[in-house]
Amino acid sequence: MVRVRGSGHGNLHDRRRFLGAVGSLAAAGALSGCGSPVGQAFTGSAGPPSLLNFWHPFTGGDGAQLDAMQSAYRKENPGVDLKTTTLVWGAPYYTKLTLATLGNRPPQIAITHVSRLPTLAASGLLREISGSELEEHGLTPDRFKKAAFRSAHHDGRLYALPIDTHPFVLYYRTDVAKKAGLLDEAGRLTDVDGPEKFLDALRAAKQATGVWGGSIATVKDPATCWRLFWSLYRQLGADLITDGGRKVVMDVGAAEEALAFIHRMAAEKLIPPGADGDGGAITLLTSGKAGFLMDGEWQLLAVQGAVKDKFDMRTFPRIFRDAPYACAADSHAFILPSAPSEKAQRAGKALEFARSMLDESLLWAKGGHIPAWQSTERSDAYHRLEPQAHYRDAADSAAYDPAAWYSGADSNLYRRFSDVVSSVVGGDTRPGPGAARMRAAIKDLAGMEAPV
Amino acid sequence: MSTSTSVHLGAGTGAPATGKPGGGPGSGTARWTASGMLLPFGFFYVLFLLGPLVYTAVAGFFNDSLVKDGTGEWVGTANYAEALASPEFWSSLGHTLWFTVLTTVPLILLALTLALMTDRFSRGKWFFRLAFFAPFMLPSSVISLLFMWIYADQIGLAQGVVKWFGVNAAPSWLGDPDWAMISIAAATVWWTVGFNFVIYLAALQEIPRDVYEAAAIDGAGPWQRLRLVVIPMLGRATTLVAVLQLVASLKVFDQIYMMTNGGPDDATRPSLLYIFQTGFTDGRAGYASTVALLLFVIILLISLVWFALIRRTEKEG
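Those protein sequence lines, which keep their order, are chains A and X. Heads up, the first sequence is in the working numbering, so the first residue is 1 and it goes up one at a time. Heads up, the second sequence is in the working numbering, so the first residue is 1 and it goes up one at a time.
Be aware that a few hints might be false.
[What the hints assert, rightly or not] Just the calculated beta-carbon pair ranges, DEER-fashion: (1) A:R150 x X:G42: 52 to 58 Å; (2) X:M258 x A:G210: 30 to 36 Å; (3) X:V161 x A:V88: 26 to 32 Å; (4) X:G70 x A:A436: 36 to 42 Å; (5) A:D428 x X:W223: 45 to 51 Å; (6) X:P87 x A:A186: 53 to 59 Å; (7) A:G63 x X:A57: 39 to 45 Å; (8) X:M258 x A:A186: 43 to 49 Å; (9) A:D396 x X:M137: 49 to 55 Å; (10) A:T43 x X:V161: 52 to 58 Å; (11) X:A308 x A:T84: 50 to 56 Å; (12) X:M137 x A:D155: 48 to 54 Å; (13) X:M258 x A:A323: 35 to 41 Å; (14) X:E88 x A:G210: 39 to 45 Å.
[Said to hold, decoys possible] Result set (DSS-like, lysine-lysine): computed pairs, CA atoms no more than 25 Å apart in a straight line: (15) X:K68 x A:K343; (16) A:K289 x A:K178; (17) X:K251 x A:K96; (18) A:K179 x A:K269; (19) A:K308 x A:K179; (20) A:K96 x A:K83; (21) X:K68 x A:K247; (22) A:K310 x A:K197; (23) A:K289 x A:K310; (24) A:K179 x A:K289; (25) X:K163 x A:K269; (26) A:K96 x X:K68; (27) A:K310 x A:K366; (28) A:K96 x A:K343; (29) A:K146 x A:K366; (30) A:K289 x X:K163; (31) A:K289 x A:K197; (32) A:K349 x A:K83.
These are calculated hints, taken from the structure and not from any lab test. Idealized CB from N, CA, C, for every residue including glycine.
Based on the provided sequences and hints, a complete structural model is requested.
See the structure below:
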């Protein structure tokens with residue numbers, strides 16, 4: 001019995017010793033960790049001047065390209081301690097960026113979609129980039145693609161440096177297209193512009209595959225639904241909102257016409273009534289069950305990995321001729337979230353990093369994106385890049401999202417409009433009532449009290 | 001157990017075995033020790049539970065914005081008026097309740113059935129215990145990913161199986177507003193049935209064998225033994241399972257957020273996701289706080305009523 005007690009006491013001592021050890025370890029960690037991101041999170045200190053925190057939402061193929069670009073920077077700047085944080089793309093990324101900035105612990109540099117710029121800038125979360133800073137780092141406006149650089153402004157002030165334009169494009173299987181008689185002598189896709197011509201092409205491809213003509217992700221993929229609708233709607237020359245999203249100027253007739261075209265593709269069973277956003281739509285193309293895929297160019301590496309060179313890409317077809325050609329697009333851009341002090345901001349170092357990344361734009365282009373950096377975009381190396389070079393014109397016709405606190409990448413607007421598009425493709429909603437639902441949704445969003 | 005130890009301890013050290021005041025650790029010191037030991041817990045409880053709760057209640061009266069410092073302007077009960085008049089608030093609450101019905105009922109009945117069947121095995125019981133419990137050990141992200149592939153349109157297993165049975169137009173499991181919630185509920189049942197199953201199995205093993213024998217000798221058939229002996233004796237387990245399940249289902253978020261993010265047409269958006277979207281996507285923290293507080297009150301009321309109902313039937317039983 002005494003032994004039982006004895007061993008019990010021993011355990012107690014062991015436990016105390018253990019807890020003590022853990023405690024002192026934690027304390028030591030907290031003290032020595034002021035420079036580490038974790039320590040900084042607690043103390044809010046600026047961190048050592050060599051530290052450069054960089055946040056981005058790139059995973060998959062984009063993430064791999066970005067890693068390669070960063071290793072070039074690391075090699076040239078051994079004195080800089082570059083700490084990269086990858087967060088999952090979507091609304092939560094912007095929430096985290098917002099809260100980190102409000103909590104005075106922002107990264108020195110981060111990636112944003114320019115479609116999210118209005119909300120971030122209007123909330124005072126971003127540091128303006130001045131003309132003299134641009135001069136100093138060789139980042140003058142003439143070195144960027146015009147449309148992309150314009151999109152990096154809010155209220156006439158520059159808040160971001162775009163690295164690319166990423167449009168909604170058309171992928172096609174060359175073997176299917178050949179079988180369907182859609183290729184000319186040079187092996188290029190024949191004319192698919194105009195509603196009838198594109199439907200004919202889809203019909204021919206459906207004959208060739210025996211399953212579907214084209215594929216598009218309309219289930220669990222609000223962004224793709226939005227891009228399809230927005231491309232068609234902008235080709236009809238219609239606007240949606242003005243005055244920072246407070247005023248609705250929607251053209252219900254144009255929306256109905258755009259939805260009617262989407263409805264025709266689905267009703268004729270040229271596209272599936274619901275292809276999955278988590279790889280389903282792409283798999284239909286790569287497995288030869290569809291000849292066309294309407295998607296963003298960033299799927300390039302995924303498609304390439306699956307079918308090698310049996311595919312090609314081009315700009316999204318010009319379905320309507322009511323306005324200059326337009327295709328839904330966005331740009332990734334570097335931003336400097338406002339830090340509490342100049343010491344924590346380290347704007348010079350951040351811009352230097354941005355410059356280095358822009359110089360590596362060719363690597364970024366290999367992932368599918370159209371470079372905004374003119375010296376890369378005009379280079380022979382990029383022009384020789386296939387199939388990337390086949391859709392590079394899209395950057396000049398980029399239809400960016402309308403500015404509002406509820407619009408932009410993975411926003412409420414995407415969700416509300418995509419519900420209608422998805423329902424039209426699924427055959428549950430007719431174009432007329434669909435357009436009316438869109439109008440009700442945008443009225444509702446515009447009437448809500450803005451958080452900015 | 002504890003009594004015998006203390007007696008032996010006393011004998012071993014030769015100290016008086018009685019708990020005289022002043023002898024050994026005094027009662028005053030003991031009280032301070034107890035409070036001291038509770039202090040770390042109390043600190044975190046106040047910091048991470050009571051504090052935020054009070055803050056939520058206060059923020060609900062302001063037009064608090066996520067993207068701005070401070071609480072914003074005082075708006076009185078405007079947020080409450082907006083929430084209670086909002087069809088989105090009521091539809092999301094409806095989806096939460098629909099999900100609760102879809103999951104709670106099968107999760108209790110299925111768990112009981114599986115436990116009864118497993119209990120009949122004299123050998124190899126461990127295998128069934130493991131097999132039914134294993135899915136519960138997987139994190140929600142794994143389950144979501146798994147079922148997103150199974151339910152995927154055009155390429156998924158579920159559509160393939162249905163087609164194999166001769167159905168031409170297989171439903172879009174997660175893409176059809178009529179099917180999406182049922183699909184998610186089915187995945188949830190498969191995922192979490194193991195927990196209730198283990199509780200039932202343990203309760204079944206508590207029932208003494210002689211009770212069965214006595215009932216059998218009295219002429220009760222197998223069905224009567226199940227209905228009149230086993231199920232009443234599982235009453236306490238059923239109460240526990242039913243209450244835990246109800247609360248868990250009312251709090252659903254993870255798998256829906258990952259599998260459909262509330263779509264299609266908001267048909268699977270539960271209240272928690274509505275709060276998340278208004279608070280974190282739209283940045284309307286004040287309004288989201290109001291909705292969160294309303295949901296808290298509603299869950300509390302439903303749980304209390306449910307608990308009272310079950311306790312009463314248990315007593316009657």
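Now the hints, each set against the structure:
A hinted range of 52 to 58 Å holds for the C-beta pair R150 of chain A and G42 of chain X, which are about 56 Å apart. A C-beta distance of roughly 34 Å is found between M258 of chain X and G210 of chain A, which places it inside the suggested range of 30 to 36 Å. Between V161 of chain X and V88 of chain A, the C-beta spacing of about 31 Å keeps the proposed range 26 to 32 Å intact. A C-beta distance of roughly 40 Å is found between G70 of chain X and A436 of chain A, which places it inside the suggested range of 36 to 42 Å.
A beta carbon spacing of about 46 Å between D428 of chain A and W223 of chain X agrees with the range 45 to 51 Å that was offered as a hint. Distance hint check for P87 of chain X and A186 of chain A: the Cβ-Cβ separation is about 56 Å, which falls inside the suggested range of 53 to 59 Å. A C-beta distance of roughly 42 Å is found between G63 of chain A and A57 of chain X, which places it inside the suggested range of 39 to 45 Å. A C-beta distance of roughly 46 Å is found between M258 of chain X and A186 of chain A, which places it inside the suggested range of 43 to 49 Å.
Under the hint 49 to 55 Å, the C-beta atoms of D396 of chain A and M137 of chain X, about 54 Å apart, fit the expected range. Between T43 of chain A and V161 of chain X the beta carbon distance is about 56 Å. The supplied range of 52 to 58 Å therefore holds. Remark: the range hint 50 to 56 Å for A308 of chain X to T84 of chain A is upheld by a beta-carbon distance near 54 Å. The hinted range of 48 to 54 Å is satisfied by M137 of chain X and D155 of chain A, whose Cβ atoms lie roughly 53 Å apart.
At about 39 Å, the CB distance of M258 of chain X to A323 of chain A agrees with the hint of 35 to 41 Å. Between E88 of chain X and G210 of chain A the beta carbon distance is about 43 Å. The supplied range of 39 to 45 Å therefore holds. For a cut-off of 25 Å, the pair hint linking K68 of chain X to K343 of chain A stands: about 23 Å separates their Cα positions. Between K289 of chain A and K178 of chain A the alpha-carbon distance is near 15 Å, which keeps this suggested pair within the 25 Å criterion.
With a C-alpha separation of about 23 Å, the suggested pairing of K251 of chain X with K96 of chain A holds against the 25 Å cut-off. Between K179 of chain A and K269 of chain A the CA atoms are separated by roughly 20 Å; this keeps the pair inside 25 Å, and the hint holds. For the given pair, K308 of chain A sits about 18 Å from K179 of chain A by alpha-carbon distance, which is consistent with the 25 Å threshold. Proposed proximity of K96 of chain A and K83 of chain A is supported: the alpha carbons are some 17 Å apart, at most 25 Å.
Taken as a hint, the K68 of chain X and K247 of chain A pair is honoured in the structure, with Cα atoms around 23 Å apart against an allowance of 25 Å. Distance restraint check for K310 of chain A and K197 of chain A: the Cα-Cα separation of roughly 23 Å lies within the 25 Å cut-off, and the hinted pair is therefore satisfied. Distance check on the hinted pair: K289 of chain A and K310 of chain A sit about 14 Å apart at the alpha-carbon level, within 25 Å; holds. Pair hint K179 of chain A plus K289 of chain A holds up; C-alpha atoms about 13 Å apart against a cutoff of 25 Å.
Between K163 of chain X and K269 of chain A the alpha-carbon distance is near 18 Å, which keeps this suggested pair within the 25 Å criterion. Proposed proximity of K96 of chain A and K68 of chain X is supported: the alpha carbons are some 14 Å apart, at most 25 Å. For the suggested pair K310 of chain A and K366 of chain A, the alpha carbons sit about 17 Å apart, so the restraint of at most 25 Å is met. The hinted pair formed by K96 of chain A and K343 of chain A meets the criterion: a straight-line CA distance of about 22 Å does not exceed 25 Å.
Distance check on the hinted pair: K146 of chain A and K366 of chain A sit about 21 Å apart at the alpha-carbon level, within 25 Å; holds. The hinted pair formed by K289 of chain A and K163 of chain X meets the criterion: a straight-line CA distance of about 17 Å does not exceed 25 Å. Taking the CA atoms of K289 of chain A and K197 of chain A, the gap is about 21 Å. The hint holds against a cut of 25 Å. Annotation: proposed proximity of K349 of chain A to K83 of chain A holds, straight-line Cα distance about 13 Å (limit 25 Å).
Every hint from the earlier list agrees with this structure, and none is contradicted.
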